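**Student:** The chain contents come next:
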Amino acid sequence: MNKFRAILYDSFLEIKSGKMLYLYGAVMLIMVLIFILVPSIKINGENLFESGILSPGMITRGMAHFFSGFWGFALFLMVFGSAWLLPAYLGKGRIELTLSKPISRMKLLSMKFATVFLVKISILALMSIIIWLAIALRLGAFSMQFFFGLFFSFLVFANIYALVFFIGVLSRSGALAVMGYFVIKFSTDLLAGRELVYGFLGDSSWKTVLDTAYQILPKIGEMDDNYISLISGDGFTNTYAIWTTLAFSAIIFLLTLLIFHRRDY
Amino acid sequence: MSDQTTAIQITGISKNFRGTLRGNEVRALVDVSLAVNHGEIFGLLGPNGAGKTTLVKILLGALRPSAGTATINGHDITTAAARGRVGFLPENHRFPPYQTGLQMLYCFGGMTGMSRSEIRVKADGLLELVGMSQWRGTRVKKYSKGMMQRLGLAQVMLNDPEIVFLDEPTDGVDPIGRHEIRNILLDLKKMGKTIFLNSHLLAEVESICDRVAILDRGKLIKTGPVAGLIDVRPAYRIETTGLNVETAQKIQDVYPGAIIDDNRIRVTFDDPLQVNGLTDLIRECGVSLISVTPEKISLEESFMQLIRESKQHE
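As given, the protein sequences belong to chains A and B, one line each in that order. End of the first sequence sits at 264 in numbering that gives the first Met the number 0; the numbers just go up one at a time, nothing left out. End of the second sequence sits at 313 in numbering that gives the first Met the number 0; the numbers just go up one at a time, nothing left out.
No wet-lab data here; the hints were simulated from the structure. Treat the hints with care, as some may be off.
Only part of the chain B face toward chain A is listed, based on derived beta-carbon distances under 10 Å [said to hold, decoys possible]: (1) S13; (2) F16; (3) L59; (4) T78; (5) R82; (6) G83; (7) F94; (8) Y97; (9) G109; (10) M110; (11) G171; (12) G285; (13) V286; (14) S287.
Just so it is clear, the structure is predicted and the values come from calculations on it, not from any experiment. We treat Cβ as the ideally placed atom computed from N, Cα and C, and that holds for glycine.
So here's chain A without its partners, still in its complex pose (with noise of 0.2 Å):
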């Protein structure tokens, strides 16, 4: 435990001093000052928000599908923010001595994607939570089915910084693992609308290679689909989408573990 505990302590001292934490910051207070500043829409004379003419499914729904926007927009922040700090980990002069304590390498990896993990999802749950606490004293919705798209935001980042930091063990290098992560992310958005140049295809093998394609990689985009439904009460409307991409994190963090085992520093 003493141990997790100071690989914790060194990652939060980490993302700390990092001017990342600034700009979530600063994206927050935006978002709750919009609105809380937001001037109030009069119809009829009546005011918009206490009028009862938004009905209660309505308030949710448009809560749902802005939290999909901010959740797709900081973790599009956390993953700049968090690519680097494996990549610096390994680096020359640290790694040596880090490894020279008494820790597996396994053991150490996983520690260490576990704390990073704790560290981003606690800032996203403090920026969610603030601004949904402002949302909901400016409207009066209380919507706790918030909280299933806050926690399925958490899967996604797993997901995600599994990727990253496969990449950042595989290169050693941020930049990389940014320019890696978003060509993955990409390609899958694009092989999702693959049934759409089928037609132009003439051979039937590219359709079973972007199938394939399609299936082995993972799908982030289409994960972010079940935001709008899970706040809305909905549950998820992609569970394919879901299990196809954890089994690809999960297969992609065991070869990473696999990596660093093996690996010469």
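Given chain A's structure and the hints, the job is docking chain B onto it.
**Tutor:** Quick look at chain B alone, frame taken from chain A:
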């Protein structure tokens, strides 16, 4: 096999690094075997690129050996238990720049399994010992190289290690700091710690090490007590008055290795008693002797000689 007196046992360790191109393989270590006893200061010497850091990195789990085995305190180096009671200060270390000195001790101490309260108790004394108390709350990125070395030494001693590995510990440290670090190492030895010291500063090794090993291009070319390496061949410096050309020629005929410069003679013998023959010869020639001074071959000379011999054997 390692026994109770052996702290580190290295058996036939080799390490090959694959280059980026196929077939471009570098042999960093070739069949290195040695043993370090508990409580001794062991120096590992060698020119740049000899494989000293590679050997330490293998012992501490940062590199995997291509062949061979090693144990630390009887534990195989591939297990975390081997690093349980070990302290390490790497060469060219980069401590996390976002941490303060005290935070660094909390992080690295915690990774050895120490609790925060245990670290708190020990950190104060150690920072005092290495002269870093007043900088404990300052971020590491603001430290000078010497300050980082001192903090690194505090980190090394934090978990009360039985074996301490130091890779160029006085690198970048001023003479006063070096002297202090030397004293710390001697104090550690008095406390019964085993110290494995990598250094290219031969005078430093000579002054504190009990035994040394010399590595050259990955091969172990000599291991033994420092005294044994230094006193390989005794040399003498003889001062005379009235040394003429004839006498100089006679001396040169009998002792071809003698270096004669004005009234000074420097000569190396295989047997120390041979100096009596030379002094007799000088007196017989009617030349007065002023002084006969035994000249200790420094570790540096001995080291250079061994490296030269190693290259000739290739």
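**Student:** Take the hints in turn and mark each one as holding or not.
**Tutor:** Hint check results:
no.: 1; hint: S13; result: violated, 14 Å
no.: 2; hint: F16; result: holds, 8 Å
no.: 3; hint: L59; result: holds, 4 Å
no.: 4; hint: T78; result: holds, 8 Å
no.: 5; hint: R82; result: holds, 5 Å
no.: 6; hint: G83; result: holds, 5 Å
no.: 7; hint: F94; result: holds, 7 Å
no.: 8; hint: Y97; result: holds, 3 Å
no.: 9; hint: G109; result: holds, 2 Å
no.: 10; hint: M110; result: holds, 4 Å
no.: 11; hint: G171; result: violated, 13 Å
no.: 12; hint: G285; result: violated, 66 Å
no.: 13; hint: V286; result: violated, 60 Å
no.: 14; hint: S287; result: violated, 61 Å
Hints 1, 11, 12, 13 and 14 from the earlier list are contradicted by this structure; the remaining hints agree with it.
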